[in-house]
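Chains A and B, in that order, are what the protein sequence lines are. For the first sequence, my numbering puts the final residue at 455, and the numbers step up evenly by one. For the second sequence, my numbering puts the final residue at 116, and the numbers step up evenly by one.
Take these hints with a grain of salt, some might be off.
Said to hold, decoys possible - Okay, derived cross-link-like pairs now, BS3-like style, lysine-lysine, Cα gap no bigger than 27 angstroms in a straight line:
| id | chain 1 | residue 1 | chain 2 | residue 2 |
| --- | --- | --- | --- | --- |
| 1 | A | Lys-343 | B | Lys-59 |
| 2 | B | Lys-23 | B | Lys-78 |
| 3 | B | Lys-50 | B | Lys-78 |
| 4 | B | Lys-50 | A | Lys-399 |
| 5 | A | Lys-343 | B | Lys-50 |
Said to hold, decoys possible - Only some residues are given here: those of chain A computed to face chain B with a beta carbon under 7 angstroms:
| id | residue |
| --- | --- |
| 6 | Gly-384 |
| 7 | Leu-385 |
| 8 | Phe-387 |
| 9 | Glu-390 |
| 10 | Asn-398 |
| 11 | Leu-432 |
| 12 | Leu-441 |
| 13 | Phe-446 |
| 14 | Gly-447 |
| 15 | Pro-448 |
| 16 | Gly-449 |
Said to hold, decoys possible - Quick list of the computed label-pair ranges, beta carbon to beta carbon:
| id | chain 1 | residue 1 | chain 2 | residue 2 | range |
| --- | --- | --- | --- | --- | --- |
| 17 | A | Pro-381 | B | Asn-13 | 14 to 22 angstroms |
| 18 | A | Arg-409 | B | Ser-85 | 35 to 43 angstroms |
| 19 | B | Ser-71 | A | Thr-380 | 30 to 38 angstroms |
Honestly, the hints are just simulated from the structure, not real lab data. These numbers were taken from a predicted model, which means no experiment stands behind them. Note that beta-carbon positions come from the ideal geometry of N, C-alpha and C, so glycine has one too.
Chain residues, written in single-letter form:
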Amino acid sequence: KAGVTQTPRYLIKTRGQQVTLSCSPISGHRSVSWYQQTPGQGLQFLFEYFSETQRNKGNFPGRFSGRQFSNSRSEMNVSTLELGDSALYLCASSQEGVLVEQYFGPGTRLTVT
Amino acid sequence: AQSVAQPEDQVNVAEGNPLTVKCTYSVSGNPYLFWYVQYPNRGLQFLLKYITGDNLVKGSYGFEAEFNKSQTSFHLKKPSALVSDSALYFCAVRVPNTNAGKSTFGDGTTLTVKP
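Next up, chain B with everything else stripped away, as it sits in the complex (with noise of 0.2 angstroms):
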C-alpha cells in the first residue's frame, strides 16, 4: 500500500525567504506525485505533479518540487515566499495500474510567511 509523509506540521518563514515544505512517500512501483494547496474555507487547488522525466518540476504561483529518487522525497519550494502563500499544503501519490481515482494523501503542513 502506499504511504505519504509529511514530517512537519507547520513551517514558519520571513516573507522574501526561501520556503521548504517536505514530503516522503512510500510506494511499490513508480509514484505519480502531486502538491495541492488549501485555503481557508476551500477545496484543494492544484499546485504542481511529477510524472516522469526531468526531477524538477515547476507549477503555479512560482512554486516547484524537486523528484528524488532514492531518498524517495518530492519536497515543494519557492525561492521567495509571499504573506498570500500562507495556507495548508498537501503532497499526495498515486500508483499506476491501479484505479485513477484514489490518491493518498499526506497529513498536510500548514505554511505560515510573516511580513
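Pulled out of the complex, with its shape left as it was, chain A reads as follows (with noise of 0.2 angstroms):
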C-alpha cells in the first residue's frame, strides 16, 4: 500500500505571496491532519479534515486554511507568507478513531524569503 504523498517537497516563496501545499493519504484513510515544525516551536497542530469537513483547529492566523476532497486528498494554503512560516508542513492520515496511528507524509519544505 502506498504511503502518504506530499507535493512539492521543497518550495522557495517570497513574503506576501501564498502556496499550496497537497496531501495524498493512504487508501482508505478519511481523515487528514497537518502539522508545522519547526526547529523552535516542535510540531504544531494546524487542522484536521474528515470527509470534507474541517474537525479540528489549532491556534494559527486565518492565513492558514485548508480543504479536502472527496477522494480524501487535502491540500493546505498559506497566503500573505511572512518569513516566520518557513518550515516543514507535515501531512497526517490515519482511519477513524482516536486508538489509532497517524502515518506521515515526506513533509514539504517551505522556505520564505
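Both chains are given apart, each in its own frame, so use the hints to dock them into the complex.
Encoded structure:
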C-alpha cells in the first residue's frame, strides 16, 4: 500500500506570496491532519479534515487554510507569506478513531525569503 | 488541555547499551500515548502505542515503552542500542472523546548512538 505523499517536497517563496501544498493520504484513510514543524516550536497542529469537513483547528492565523476533496486528498494554503512561515509542513493520515496511529508524509519544506 | 513533556533534548548512548527516552504527559482522563521516530528529511514513523491493558508495550525495531499511570510517564526503551537508532523521537498523546485527528506532541529528543 502506498504511503502518504506530499507535493512539492521543497518550495521557495517570497514574503507576501501565497502557497498551496498538497497531500494524498493512504488509500482508505479519511482523516488528514496537517502539522507545522520548526526548530523553535516543534510540531504544531494546524487542522484536521475528515470527509471533506474541518473537524479541528489549531492556533494559527486565518492566513492558514485547508480543504479536503471527496477522494480524501487534502490541500493547505498559506496566504500573505511571512518569514516566520518557513517550516516543514507535515501531512498525516489515519483511519477513523482516536485509538489509531497517524501515518506521516515526508513533508514539504517551505522557505520564505 | 493535554500536554507532553520530553525533559531531555538530547540523549547519548554507546552502541550495545540500553537506552531510555523519557516522556511525561498531562491530560484529563485516560490518555492514549504514542511514540514516533523521525529520520533526517523524513516524516514521522509510528513506533508503538499504549491504549489500555499491559503497561509494557512492544513496538517496531525492538523498542518498547512502559506506561506508568501514577508517574504520568511513558518512557521509550530498548535493551541494546544500534547506531541506526540515531534519530529524533517524539512522544504524543491523544485524549478520548475528542476529535481523533489532533495529536499533541512533545518537543522531541535527539538520540545519538555512538559506535
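Hint-by-hint comparison with the structure:
no.: 1; hint: A/Lys-343 with B/Lys-59; in the structure: holds, 24 angstroms
no.: 2; hint: B/Lys-23 with B/Lys-78; in the structure: holds, 9 angstroms
no.: 3; hint: B/Lys-50 with B/Lys-78; in the structure: holds, 13 angstroms
no.: 4; hint: B/Lys-50 with A/Lys-399; in the structure: holds, 24 angstroms
no.: 5; hint: A/Lys-343 with B/Lys-50; in the structure: holds, 21 angstroms
no.: 6; hint: Gly-384; in the structure: holds, 4 angstroms
no.: 7; hint: Leu-385; in the structure: holds, 4 angstroms
no.: 8; hint: Phe-387; in the structure: holds, 5 angstroms
no.: 9; hint: Glu-390; in the structure: holds, 3 angstroms
no.: 10; hint: Asn-398; in the structure: holds, 4 angstroms
no.: 11; hint: Leu-432; in the structure: holds, 6 angstroms
no.: 12; hint: Leu-441; in the structure: holds, 5 angstroms
no.: 13; hint: Phe-446; in the structure: holds, 3 angstroms
no.: 14; hint: Gly-447; in the structure: holds, 5 angstroms
no.: 15; hint: Pro-448; in the structure: holds, 5 angstroms
no.: 16; hint: Gly-449; in the structure: holds, 5 angstroms
no.: 17; hint: A/Pro-381 with B/Asn-13: 14 to 22 angstroms; in the structure: holds, 19 angstroms
no.: 18; hint: A/Arg-409 with B/Ser-85: 35 to 43 angstroms; in the structure: holds, 39 angstroms
no.: 19; hint: B/Ser-71 with A/Thr-380: 30 to 38 angstroms; in the structure: holds, 34 angstroms
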